[in-house]
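Whole structure, please, built from the sequences with the hints as guidance.
Chain order of the listed sequences is G and Y.
Just so we're aligned, residue 263 is where the first sequence starts under our numbering, counting upward by one.
Just so we're aligned, residue 2 is where the second sequence starts under our numbering, counting upward by one.
Simulated from the structure, these hints should not be mistaken for laboratory data.
Please note: incorrect hints may appear among the correct ones.
[Stated by the list, open to error] Far from chain G by the CB rule (all over 10 Å, computed), these chain Y residues: (1) L26; (2) I128; (3) Y249.
[As the list claims (entries may be wrong)] Each pair of labels, with its calculated beta carbon distance range: (4) D562/G - T22/Y: 29 to 39 Å; (5) K131/Y - R370/G: 35 to 45 Å; (6) E204/Y - I373/G: 53 to 63 Å; (7) K151/Y - I373/G: 36 to 46 Å.
[What the hints assert, rightly or not] Under 8 Å between C-beta atoms, here's a sample of chain G residues computed to sit facing chain Y: (8) P412; (9) S453; (10) L457; (11) E458; (12) Y459; (13) E461; (14) Q464; (15) A465; (16) L466; (17) S469; (18) T471; (19) F475; (20) P480; (21) P485.
Everything numeric in this text was worked out from a predicted model, so none of it was measured.
For every residue, glycine included, the Cβ atom is placed at its ideal position computed from N, Cα and C.
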Amino acid sequence: MSDQTPGFAAARTVDQMVDDVLAAPEAPPYLIDVWRRFKKNRLAVIGLIFILGLVLVAIFAPLIAPYGPSERTDVFRGSPSGDHLFGTDIIGRDVFSRVVYGARVSLRISIATTIIAMGIGVLVGAMAGFFGGFTDGLMMRITDVFLAIPYIVLAVAIATVFGRSENGIILVLGLTGWLGVSRIVRSSFLSLKELEYVEAAQALGFSRTRIMFRHILPNALQPIIVYGTILIGSVILAEAALSFLGVGPQDPTPAWGLMVSQGKGDLANAFHLVLFPGLAIALTVLAFVLVGDGLRDALDPKLK
Amino acid sequence: MTIGSGELLLSVRDLSVVFDTDDGLVRAVDAVSFDIHRGEVFSVVGESGSGKSVTAMSILQLIPDSRVAGGEILWKGADLLQRTEDQMRSVRGAEIAMIFQDPLTALNPVHTVGRQIAEMARIHETITKKQAFNRSVEMLDLVGIPEPDKRASMYPHEFSGGMRQRAVIAMAITCKPSLLIADEPTTALDVTVQAQVLEVLLEIKDEIDSAIMLITHDLGVVAGISDQVMVMYAGQQVEQGTVDDVFYRPMHPYTLGLLESLPRLDATDDTELVPIPGSPPSLINRPSGCPFHPRCRHAQAPGRCDTEATEFRSIAGAHFSACHFAEQFIGGSTPAIETPS
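So, in structure tokens, the structure goes:
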């Protein structure tokens, strides 16, 4: 206010000062606030660092892995050593390299799956919650039907028809993973659509689609983000389970679940074959769950 | 201004709106008729549940679960009730815009104020993003928000209550609608801010040459800015006329009761406020005859008041009343009606 005369400044200060005081607690932009609260949760930060590390490993896999994912060495079922950090498997492939390349497979499947599941879930939930009545009943009954199909049975069926592949897994998990999302989105929409700004948007001639996706959805993002983060973790777990059962990606693919499955016969004499990919699965899932928990607290300070 | 001198914008004819509920049929609006001309401020007064908001919302056809049981809503001569949802959407906001009661919740917390106003311009007109944003700054300036260019990129929580209501008004007038429906626009505001917001509303009305339909239960607000007043009770019109007619020559015991229950600055010490006894009737089991008779001091019950349906009719020129004995109000503030013992 240096460019103003003192008198003018005094005249406008009261209103201005009240506004400033009122706005003060919320002064820092929203995201800075979220980050500040997120930082307080040590475990969540560790989880985030782990995930970022994992992403880097996946991107730079060829630089990190000393061998190719299907490259055979002349050491068979070798124990962990300086040459082969995690040992070698039954046909001489370096387990460390395979675990590193496995990060690519896991992230690719889990992110693609989560995008599909989120897309379907948000669409179904938004329509059910926004339109209510018949649409709501129909959508929720469809959800119930999907809920009644065990995803493993569906996975086996799809693998039988289309053959075992990464895309098959993405399809199966995507088509079964949206149920939770749709319920969360539906309940958010049910409460948010009653708010006055939604009514106001209608009264000012905004179209329904615009109201749903530009006005209500951004307000419902918090639980969706949290659920999505945790969903990535559980998809990795589900993918491992399906690979273990043999309906996931086929052998040369370095999928973690597949590696555990292949190593299970040698648990007694070469347990590193199961240990390292198993650890990779467990730690990754844990990291996503921790970050999801941290986000929940950080996005909604009222919950604390 | 002189009543009815502007172009006839809205003409509501015998509008009835009902809700089907589990307990029965709720007649929220019962055969209501009124006209709104360009340039005038038309106030609708009544208690909560008297049907004033439902009347307003049904003009825009925005009430879920309701159905219009009869009547016409003529907007510039054409019946709005015959339009499809898509056609209605081009009326909402562009020709008839609504200002809501609570500015704290009428703005979306996740978008900046400028963006919300700009969006309004973009859906009704074909203009670029840049033009739309400039329009929002212009609108914020018009409603008296200081430093509109800075304010436009702020979020609603960074605005004070009065500023938010101004922003809500700015959003409603972006497309220069011919009619502004303001549903209790000042109820959620401080008294000092109320006056400013009303002032802004009146200035805007002249600026964009529109009419205002003001819904309120605050008689002080009505007296200050209205041209025409319509008093509603239990979904029906009970009295209608110019502000002077209704305030100084009330012709319905309900209006009289409302005025008597209002504290006055010029009252002497021994004047007591007279409340209206009882509470508004159920809209499912409406009292027989005149719906106001159980609470009316002057009611002839048993008699005409609880048996004969009321007729909303002209008593003196443009002054209408639904009271059976309205004619006896002329000339005196208290009707000379004897209550039979």
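Numbers of the earlier hints that this structure fails to satisfy, in rising order: 8, 9, 18, 19 and 21
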